[in-house]
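There are 2 protein chains.
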Amino acid sequence: MPVYEAPLRDMRFVIHELLEVDKYQNLPIFSEAPADIIDAVLEEGAKVAQEILFPLNQVGHEEGCTFKDGEVTTPTGFKEAFAEYREGGWVGLAGNAEYGGQGLPVFLGTAMGEMTCSANLAFEMYSGLTTGACAAIDAHGTEEQKSFYLPRMYSGEWTGTMNLTEPHCGTDLGQMRTKAEPQDDGSYSISGTKIFISAGDHDMAENIIHLVLAKIPGGPKGIKGVSLFIVPKVHSDSEGNLGERNGVSAGSIEHKMGINGNATCVLNYDNAKGWLLGREHKGMEAMFVMMNAARLGVGMQGLALSEISYQNAVLYANDRLQGRSLSGVKEPEKAADPIIVHPDVRRMLMTMRSFNEGARAFTAWVAVNLDLSRAEQNEEARQVAEDLVTLVTPVVKAHVTDVGFECANIGQQCLGGHGYIREHGMEQYVRDARIAQLYEGTNGIQALDLVGRKMPAHMGRLLRAFFHPVDNFIQENADNKEMAEFVMPLAKGFARLQQAVAWLGEQGMKDVEQAAAGATDFQRMFGTVALGFMWARMAKVAQAKLAAGTDEVDFYENKLITARFYMARMMPDTSSLLAKVTSGKDTLMALDAAAF
Amino acid sequence: MPVYEAPLRDMRFVIHELLEVDKYQNLPIFSEAPADIIDAVLEEGAKVAQEILFPLNQVGHEEGCTFKDGEVTTPTGFKEAFAEYREGGWVGLAGNAEYGGQGLPVFLGTAMGEMTCSANLAFEMYSGLTTGACAAIDAHGTEEQKSFYLPRMYSGEWTGTMNLTEPHCGTDLGQMRTKAEPQDDGSYSISGTKIFISAGDHDMAENIIHLVLAKIPGGPKGIKGVSLFIVPKVHSDSEGNLGERNGVSAGSIEHKMGINGNATCVLNYDNAKGWLLGREHKGMEAMFVMMNAARLGVGMQGLALSEISYQNAVLYANDRLQGRSLSGVKEPEKAADPIIVHPDVRRMLMTMRSFNEGARAFTAWVAVNLDLSRAEQNEEARQVAEDLVTLVTPVVKAHVTDVGFECANIGQQCLGGHGYIREHGMEQYVRDARIAQLYEGTNGIQALDLVGRKMPAHMGRLLRAFFHPVDNFIQENADNKEMAEFVMPLAKGFARLQQAVAWLGEQGMKDVEQAAAGATDFQRMFGTVALGFMWARMAKVAQAKLAAGTDEVDFYENKLITARFYMARMMPDTSSLLAKVTSGKDTLMALDAAAF
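Chains as they are written, first to last, in this note's numbering: chain A, 1420 to 2015; chain B, 1420 to 2015.
Pulled out of the complex, with its shape left as it was, chain A reads as follows (with noise of 0.2 Å):
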């Protein structure tokens, strides 16, 4: 039987000794927790993932969603499940206090989402959708809209959609079909099919608002035309005492890889009554506010599967006895030596521990920033923190995503022929990571926002935010000698990821398809050094408080031989990637479209 940790002493090593968030007390939001808050909340959180969510996910991988005569049947245990993580408040973690939430920062919920995600991803979907509706509810109602759906979605009384796709149309939005009709009563009648609706329709609340972008007929062609609807899936009076079903229903529930337990619905709408939410034709708008939280989200799924899939694995490999360590027997009692001590099984673990460690010290940051983006009083400084989130939030949803499943599948191999078992678990984490990399815009689509939009916006301005904080880290430490064995690798691709930017730019300038045709890999080269900041980071922190004296001498000892590690075996993709890049675009637009 699979086992899940939350690994809390990391996640508290993150945000009090690498990031130091404590110093940011006197900010709105970090006000309202104060380290021993934090604490607190994340073994709470750590409980209802361990103890709650856990044990159903498996249930939820078999099992599945059932779809009989229009209605959603999520499977056995999960609505009472859902009951006692909404009694516990967990859906308004992070919602505004002024409607209900808890009001607590974003770092604190991702940190959460982490635990959630590695516990049961199809069942943290029904919340974090939830979540996803509220911000943008929170973002751009009306006063009465935020009094009315804020509280019974941030207790879960209500749950909440986000519909943005239509059969024909998923990246290219502009595209869309769907009607929203101006009625007499300031209400909408909104008409279209919406695809891969995740937690669309189920029976662990008695509401579902539905978060709909739609045309509102005469407006402006394409994505410009496009509006954001309030569609509840039951009507209410202005108690919130239901009465009668609104006009959207679920058609079918998508066969899928993974996340079994998640309905991903087909919702037909005909002339369901909807509120505009935001402006008439700025839904985009709308949408890509809440977009930043929701890729960070994103981000958080594929670090969460890597990690169980890691515990798992290492779990296996100091369970299974299989051949002699090479450099003598080591328990010459058993038949066979536990298969940790093979280089090739350390190689597959140390990989997936360096990037869980790399990338829950990147994401946390990048929450940070975010809070920081709202809270900061300094404008300038909440400027930059502003600027750090929307330039590598397409780092985090790609980068995170794409290492999360191949991390994941790196821990099934640790099975060998196991791993291939549905029983051990580890297929489930594979299955469930793969959907990260294709929802909430492909990682591709990542790749292009991150070097055709946020490079070259304000003329370069993003990219500061992340590249002052490199540069002066490798200054701050280019004398330190003890800090050489990260500075220089750091060094050396930060050199090269300089060097990638300045191609891209230089050669997207003059023709935007040599930009495009680099951008997988250099968010991939990006992702790599943000990475290996991070561990540079780590490790000056652990040299600290060894120095000064620590009864958790292994543990600071442990982040730096994962430091070194990543220095070695993970930094020096930036070189076979920088070739690639600059390698431009002539060799993939060559063969004519006819000829694959």
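The hints are simulated quantities; they were obtained by calculation from the structure and are not laboratory data. Because the structure is a prediction, the values reported are computed rather than measured. What you were told as hints is all true, and nothing was included just to trick you.
Remember, identical chains collapse to one label, so a pair may be satisfied in a single copy or spanning two.
With a straight-line cut-off of 30 Å between C-alpha atoms, the simulated BS3-like cross-links for lysine-lysine are:
(1) Lys1911 with Lys1900
(2) Lys1753 with Lys1640
(3) Lys1753 with Lys1643
(4) Lys1749 with Lys1643
(5) Lys1753 with Lys1598
(6) Lys1701 with Lys1749
(7) Lys1701 with Lys1753
(8) Lys1692 with Lys1487
(9) Lys1749 with Lys1929
(10) Lys1753 with Lys1929
(11) Lys1598 with Lys1749
(12) Lys1640 with Lys1749
(13) Lys1643 with Lys1701
Assemble chain B onto chain A, guided by the hints.
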């Protein structure tokens, strides 16, 4: 609905134009397959794959096998399809003609294997395992065993299996517990439990011949005391008329990530009657002889699933309208351009294409050498062929399945969210492809075999069988300006490979864990260079054809385009891989096992 069309033109290019098998017409085996026979077999094979096997691929995935009352039922249509398949003589295609096989070369069998695995891997395995069992009987059986079993198995009347793994041992078979007690009549009584037995039970043939590894009590300890036995599912008289069931039965079937249509069985042996195959205590020797062919076959599975994923990704990329080309609208009359206009989609398709064609050439080269290692009359030439096959077999198995799996995923990625939905087929290819990295020796084991066994063997003699032809090719074309764009990147990658070999040799001599720590990255590097070598050779053939004049200008031009892509985008990996290999074992081994 997914499509599949066998890549016949490319197969003919590889067999006739690149490898020029016609020049071996004077040798046995090859003389059975003149050019027109090869083409006819491939064409018939393509029909079988496309028309009989492929239509059952999704059925097999969705239904899987069922196990009830000790009996396995295969998915709807499998039984009838197998009847057609065996009537076509496909099971014994490369079987010994003296015993009813068709006596065709292995390279033709592996080309057929690519097609059948693309079309329906789960189905192919019933036949593939039979072929493997036949090879063992042909190599080690007595005259009586051969003439009794082979005709019935080549015809597919009876199928075969290989029984190695037990619950507590897979890689380390020395721990085996299954026992074979000698009986007075010369047979053995076999008892024990075997797991992960592909095609271990089913309803498609009236008898199954299990080849079972077991220990004869009193024999040498560990792996040196293992013998191989023939154990039929059903007893028969000397004419092959079936009688009572033998003491072997399926205890259950596994629920797996993929290859759902193939029954992976737990087989319980309870005093089953069996007969020794080959010599007492020399079971592993018997297994190893057939392992080259088996691992080559598994390598083909990686290629096969990448190929079908590619074909369906191409179809989607030409069909799906989303966004506009960055270089200007391509199809103004449509709502959007097909996504194949986007450089990042091109990058994905070209990655798959260059891998597929490169791997097809590489595996065919190895397969031809496997035939030469048996057919060559000149002992020196025969030995070189055998050396090459022995050396690169782990590379074929590991590299082609590793990159094949990555490419199956890339194809899925091209479909965005639709790739995650089962009906599109892409997720099946990913799930099916995953097994090939795990079975027939995990890919980590392949890498260790390459670095720890193959490279040091005979003072490094095997390496020459690969290094000489590459070196010769580079020398021969050093002054060829037209070839410079291919030869230079190849030479760079090859030089790095040689550096890695030197490092591994030197360090591994002092500490074998140094070699083991670099094994997987080295194996990847070797595979990357090997495909690069094939691409350079293919480019040379294409240039010659174009220079000589041809009415297939596009075909050869496209070879050159794809070769350029491989050199620009794949060969650079050798630089980062070299850095990883030479970073050594320290960062892998430093962490205490308990600290993971």
